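Those sequence lines, one after another, are chains G and P. Residue numbering for the first sequence is 1 to 304, as defined by full-length UniProt numbering. Residue numbering for the second sequence is 1 to 325, as defined by full-length UniProt numbering.
By construction, these hints were calculated from the structure, which means they are not laboratory data. Keep in mind it's a predicted model, so treat the numbers as computed, not measured. Misleading hints may appear alongside valid ones.
[Claimed, not checked] Which chain P residues face chain G? A few, computed with CB under 7 Å, are given here:
#1 L59
#2 V60
#3 D85
#4 R87
#5 R90
#6 G91
#7 N92
#8 Q93
#9 M96
#10 P107
#11 F153
#12 L206
Glycine residues also receive a C-beta, built at the ideal position from the N, C-alpha and C atoms.
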Amino acid sequence: MKGFLIKAVLQIIPVMFLITLIVFILVHVTGDPVTLMLSETATDEDRRVLTAALGLDQPLFVQYFKYMFNLLQGDFGTSFRYNTAALPIVLERLPATFELAAASMLVATLISIPLGILSATKRNSVLDVFITGFSVLGKAMPSFWLGIMLILFFSVYLGLFPVSGRGTFAQLVLPSITLGAAIAAEMTRLIRSSMLEILSQDYIRTARSKGLWETIVVYKHAFRNSLIPVVTIMALQTSTLIGGTLITEAIFSWPGMGQLVIQAVNARDMAIVQAAVFIIALFVIVSNLLADLVYRLLDPRIKI
Amino acid sequence: MGAQKILEVRDLQTNFKTEEGVVPSVNGISLFVRKGETLAIVGESGCGKSVTSLSIMGLVAEPGKVVGGQILFHGQDLLKMSKKDMRKLRGNQISMIFQEPMTSLNPVFTIGNQIGEVIRIHQKADKKEARAKSIDMLRLVGLPHPDKVVDHFPHQISGGMRQRVMIAMALACNPELLIADEPTTALDVTIQAQILELMSKLGKELDTGVILITHDLGVVAEMADRVMVMYAGEVVEEATVRDLFEHPKHPYTIGLLGSLPDIDEQREELDTIPGMVPNPLDMPSGCAFHPRCKWADAQCKAVKPRLAHYGNDHYASCLKAGEVH
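Can you build the whole structure from these sequences, using the hints too?
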């Protein structure tokens with residue numbers, strides 16, 4: 001266990017290093033922040049002064065070493081747009097992002113686990129066809145469409161939930177349903193097929209031959225065995241949600257990571273982009289690590 | 001042996017629906033088991049012996065279905081029993097050991113949890129009692145360090161040990177009937193002998209009736225009191241084990257016995273039964289075995305033989321039972 005954690009943490013270092021390198025190069029070769037920052041009447045002299053002031057006149061590798069040198073001291077550079085340190089701006093968005101991600105995963109889990117299990121145990125029944133249909137629909141619906149429909153119906157027509165913003169529980173409901181529905185759709189199908197596979201295993205027949213209640217056979221013996229692929233998908237989906245969900249955030253004016261990153265990219269606000277990608281990457285790695293730990297809890301055959 | 005019949009199956013019919021049509025996997029089987037007695041069911045793969053046992057347990061899964069007959073356990077028809085009553089019987093009065101010890105235990109729960117579960121559900125024991133009883137059962141089936149093994153997961157012990165765990169689980173509630181479906185097929189020969197010895201010893205000790213399903217006539221000779229030979233979903237011969245080995249009446253039984261190696265005889269090749277098990281969707285006319293039978297004639301092709309009594313509880317379904325040898 002301890003060894004596993006140490007190894008995992010050591011593996012993070014080269015991965016993060018590579019990510020900073022790739023993002024740095026991508027950000028620096030794909031656009032010029034100076035042009036965007038200057039007014040249309042600026043002279044060449046203005047441009048030269050600003051470029052020098054931002055340190056962009058130096059060779060790329062010198063800039064990179066400076067960047068890494070500062071980064072190792074916890075300094076992600078200064079945002080051109082906000083003119084303050086980049087990291088706090090990114091970290092400020094994290095609570096909103098986490099809140100939405102957690103709520104969406106909760107919605108997805110609460111919907112998909114019972115539906116997936118029902119669908120598998122009542123295979124080929126009307127209920128199964130209905131649930132499968134629902135999950136295909138959920139997967140096919142674009143989130144912007146679902147988001148807008150939810151707003152129209154629940155906010156505009158019924159007046160139950162606020163249209164946008166963040167702060168109250170009511171404001172969290174619609175965006176998390178919008179995001180949760182698509183994830184629930186995918187997870188329902190996964191749980192169904194995983195359960196079907198497990199329910200045909202020999203040890204399920206053994207469990208039945210012992211005279212156990214069917215509920216125990218399904219929820220104790222089958223469900224736990226079927227969870228491994230589900231945990232994998234949950235980890236992947238959580239990383240996606242942490243990375244920001246631009247469209248849903250935009251629809252509901254949710255002040256999350258997605259909005260921040262897209263604005264920063266458009267403005268060539270290098271420090272923000274780099275800091276945000278760094279933080280997002282870190283969370284992707286951590287959520288995969290957590291999934292690994294959960295596998296080990298679920299299945300004793302997976303050794304730590 | 002005049003002991004009481006605990007199980008009596010009459011004219012059991014179990015079908016499987018396939019895309020090509022309905023397959024009668026078990027076609028009118030009748031059998032009985034007395035208290036403390038071992039009945040062996042022998043036959044090739046696909047002859048319906050496993051489906052017979054699952055039918056008795058009420059565990060035939062879709063697309064299979066028991067469509068006819070009676071399964072009388074102490075005179076009560078299991079096929080008419082409610083799901084709830086049937087559940088109370090399973091693992092308690094009737095239990096089962098399966099062929100594949102490697103996959104028959106749930107990989108994510110400890111041995112103690114899986115044995116304890118049966119004890120808790122049928123004997124209303126609490127966790128502590130169930131654990132103590134599980135350790136006792138593990139000791140009974142001869143596992144070393146039962147107090148440690150009880151906390152092991154299935155992957156931490158060998159196949160032979162897992163089969164002992166399965167036996168411990170099956171016998172935990174002192175069942176009156178134990179169905180063992182090829183319990184030793186997946187094991188090494190040396191382990192096979194140990195497991196069979198254990199089953200036979202515990203069966204005698206606990207006075208359990210046993211249905212032993214196997215394709216191994218060596219196992220039959222070792223374990224059984226009576227033998228039933230199945231072919232293509234039907235019983236073709238039934239006799240006491242001694243009678244069957246000494247005076248087989250059905251050509252199929254004769255073929256099976258002839259395909260056994262004899263330690264006293266030097267032979268290059270063993271006898272085989274020519275041909276294949278018939279396709280259940282395209283059964284031969286008359287006697288199902290006639291295409292593979294060297295004694296078959298026109299009559300065998302036309303008339304379906306019935307089980308006939310040849311004295312001393314010896315039954316066979318062959319028109320030429322008197323002539324073949």
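Hints, one by one, checked against the model:
no.	hint	result
1	L59	6 Å, holds
2	V60	11 Å, violated
3	D85	10 Å, violated
4	R87	5 Å, holds
5	R90	4 Å, holds
6	G91	4 Å, holds
7	N92	6 Å, holds
8	Q93	9 Å, violated
9	M96	5 Å, holds
10	P107	6 Å, holds
11	F153	4 Å, holds
12	L206	18 Å, violated
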